[in-house]
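*Asks:* Turn these sequences into a full structure, and let the hints guide you.
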Amino acid sequence: MTASTEGAASTTSPRRGGETIGERRIARIMAEEGLEARGRTKPRRRHGSYAGEVTEHPGNKAGQDFAAGLPNFLWPADVTQFSIPAGKPCLSPVLDCFDGSIAGWTTSTSPNAEMANSMPEAAIRLTGPSERAHLIIHSDCGRHCRWPGWISICEEAGIIRSMSRKGCSPDSSRTEGFFGTMKTEMFHGRDWEGVSLEELGKRIDAYIEWYNTKRIRRSLGSTSPLAYRQSLALAA
1 MTASTEGAAS TTSPRRGGET IGERRIARIM AEEGLEARGR TKPRRRHGSY
51 AGEVTEHPGN KAGQDFAAGL PNFLWPADVT QFSIPAGKPC LSPVLDCFDG
101 SIAGWTTSTS PNAEMANSMP EAAIRLTGPS ERAHLIIHSD CGRHCRWPGW
151 ISICEEAGII RSMSRKGCSP DSSRTEGFFG TMKTEMFHGR DWEGVSLEEL
201 GKRIDAYIEW YNTKRIRRSL GSTSPLAYRQ SLALAA
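Residue numbers for the sequence shown follow full-length UniProt numbering, beginning at 1 and rising by one.
Derived by calculation from the structure, the hints in this document are not laboratory data. In this text, a Cβ means the ideal position worked out from N, Cα and C, and glycines have one as well. Just so you know, not all the hints are guaranteed correct.
Below, simulated DSS-like cross-link-like pairs (lysine-lysine); rule was C-alpha separation at most 27 Å, straight line [said to hold, decoys possible]:
{"#": "1", "residue 1": "Lys183", "residue 2": "Lys202"}
{"#": "2", "residue 1": "Lys183", "residue 2": "Lys88"}
{"#": "3", "residue 1": "Lys88", "residue 2": "Lys202"}
{"#": "4", "residue 1": "Lys214", "residue 2": "Lys183"}
{"#": "5", "residue 1": "Lys202", "residue 2": "Lys214"}
{"#": "6", "residue 1": "Lys88", "residue 2": "Lys166"}
{"#": "7", "residue 1": "Lys61", "residue 2": "Lys166"}
Derived CB-CB ranges, DEER-like [what the hints assert, rightly or not]:
{"#": "8", "residue 1": "Glu131", "residue 2": "Lys202", "range": "26 to 34 Å"}
{"#": "9", "residue 1": "Ile151", "residue 2": "Lys214", "range": "33 to 41 Å"}
{"#": "10", "residue 1": "Pro85", "residue 2": "Ser222", "range": "34 to 42 Å"}
{"#": "11", "residue 1": "Ser222", "residue 2": "Gln64", "range": "21 to 29 Å"}
{"#": "12", "residue 1": "Asp65", "residue 2": "Glu185", "range": "25 to 33 Å"}
{"#": "13", "residue 1": "Ala236", "residue 2": "Ala113", "range": "32 to 40 Å"}
{"#": "14", "residue 1": "Leu234", "residue 2": "Gly177", "range": "18 to 26 Å"}
{"#": "15", "residue 1": "Ser83", "residue 2": "Leu234", "range": "34 to 42 Å"}
{"#": "16", "residue 1": "Arg190", "residue 2": "Pro129", "range": "39 to 47 Å"}
{"#": "17", "residue 1": "Asp191", "residue 2": "Gln64", "range": "36 to 44 Å"}
{"#": "18", "residue 1": "Ser152", "residue 2": "Ser222", "range": "36 to 44 Å"}
{"#": "19", "residue 1": "Arg190", "residue 2": "Arg165", "range": "34 to 42 Å"}
{"#": "20", "residue 1": "Ser222", "residue 2": "Glu114", "range": "34 to 42 Å"}
*Replies:* In structure tokens form, the structure reads like this:
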């Protein structure tokens with residue numbers, strides 16, 4: 001049995017009824033009842049992929065403004081890693097800053113060139129040339145986004161490449177926010193013993209599909225990204 005807590009809420013809520021309960025007493029009661037606290041886990045160290053100036057740095061075309069008034073105008077791209085007994089697969093998504101939806105994504109057992117190249121390709125397949133006329137794809141300084149294959153894919157699709165300076169964490173806030181939400185909702189606090197990498201990949205796919213089409217976001221008027229686009233006649 002699991003009890004969900006939010007930091008100090010476990011000690012402050014009973015005080016509203018005039019009763020003071022210390023953390024040690026709560027810990028003892030929870031131990032007696034077989035309860036354990038669940039909340040946001042401490043973030044793991046980010047996956048690092050910087051390998052020096054492998055190819056020319058394209059510059060930061062996005063600036064610090066990670067908002068977009070239209071779909072397919074600004075796509076931040078990033079990589080995160082999941083750790084389960086079966087292995088440490090990576091997820092590489094492209095996020096659309098218009099509504100926070102995931103424009104495309106790919107998973108891989110390792111952060112290799114195939115994974116990096118598949119990520120923009122997955123998003124590009126869903127758009128036409130006119131939709132990409134002013135599209136910027138923004139990434140960190142990781143080697144995955146500086147390989148010749150990645151550069152060629154972007155150039156052939158007419159996408160403008162943009163890149164952060166090394167160590168500029170605010171530039172990844174949109175994708176890091178998505179990773180935090182996703183891992184809290186479908187990954188952390190769950191037993192992954194006996195779950196294969198293939199099964200985890202299917203669960204990641206299912207979560208992102210749900211995130212794009214069903215998950216309610218207050219910033220979109222309490223609708224999902226898909227419903228928001230439909231309300232603006234931007235999606236069928």
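*Asks:* Confirm or reject each hint.
*Replies:* Comparing the hints with the structure gives:
no., hint, result
1, Lys183 - Lys202, "holds (15 Å)"
2, Lys183 - Lys88, "holds (14 Å)"
3, Lys88 - Lys202, "holds (15 Å)"
4, Lys214 - Lys183, "holds (17 Å)"
5, Lys202 - Lys214, "holds (17 Å)"
6, Lys88 - Lys166, "holds (24 Å)"
7, Lys61 - Lys166, "holds (15 Å)"
8, Glu131 - Lys202: 26 to 34 Å, "holds (29 Å)"
9, Ile151 - Lys214: 33 to 41 Å, "holds (35 Å)"
10, Pro85 - Ser222: 34 to 42 Å, "holds (38 Å)"
11, Ser222 - Gln64: 21 to 29 Å, "holds (28 Å)"
12, Asp65 - Glu185: 25 to 33 Å, "holds (27 Å)"
13, Ala236 - Ala113: 32 to 40 Å, "holds (34 Å)"
14, Leu234 - Gly177: 18 to 26 Å, "holds (22 Å)"
15, Ser83 - Leu234: 34 to 42 Å, "holds (37 Å)"
16, Arg190 - Pro129: 39 to 47 Å, "holds (42 Å)"
17, Asp191 - Gln64: 36 to 44 Å, "holds (40 Å)"
18, Ser152 - Ser222: 36 to 44 Å, "holds (41 Å)"
19, Arg190 - Arg165: 34 to 42 Å, "holds (36 Å)"
20, Ser222 - Glu114: 34 to 42 Å, "holds (39 Å)"
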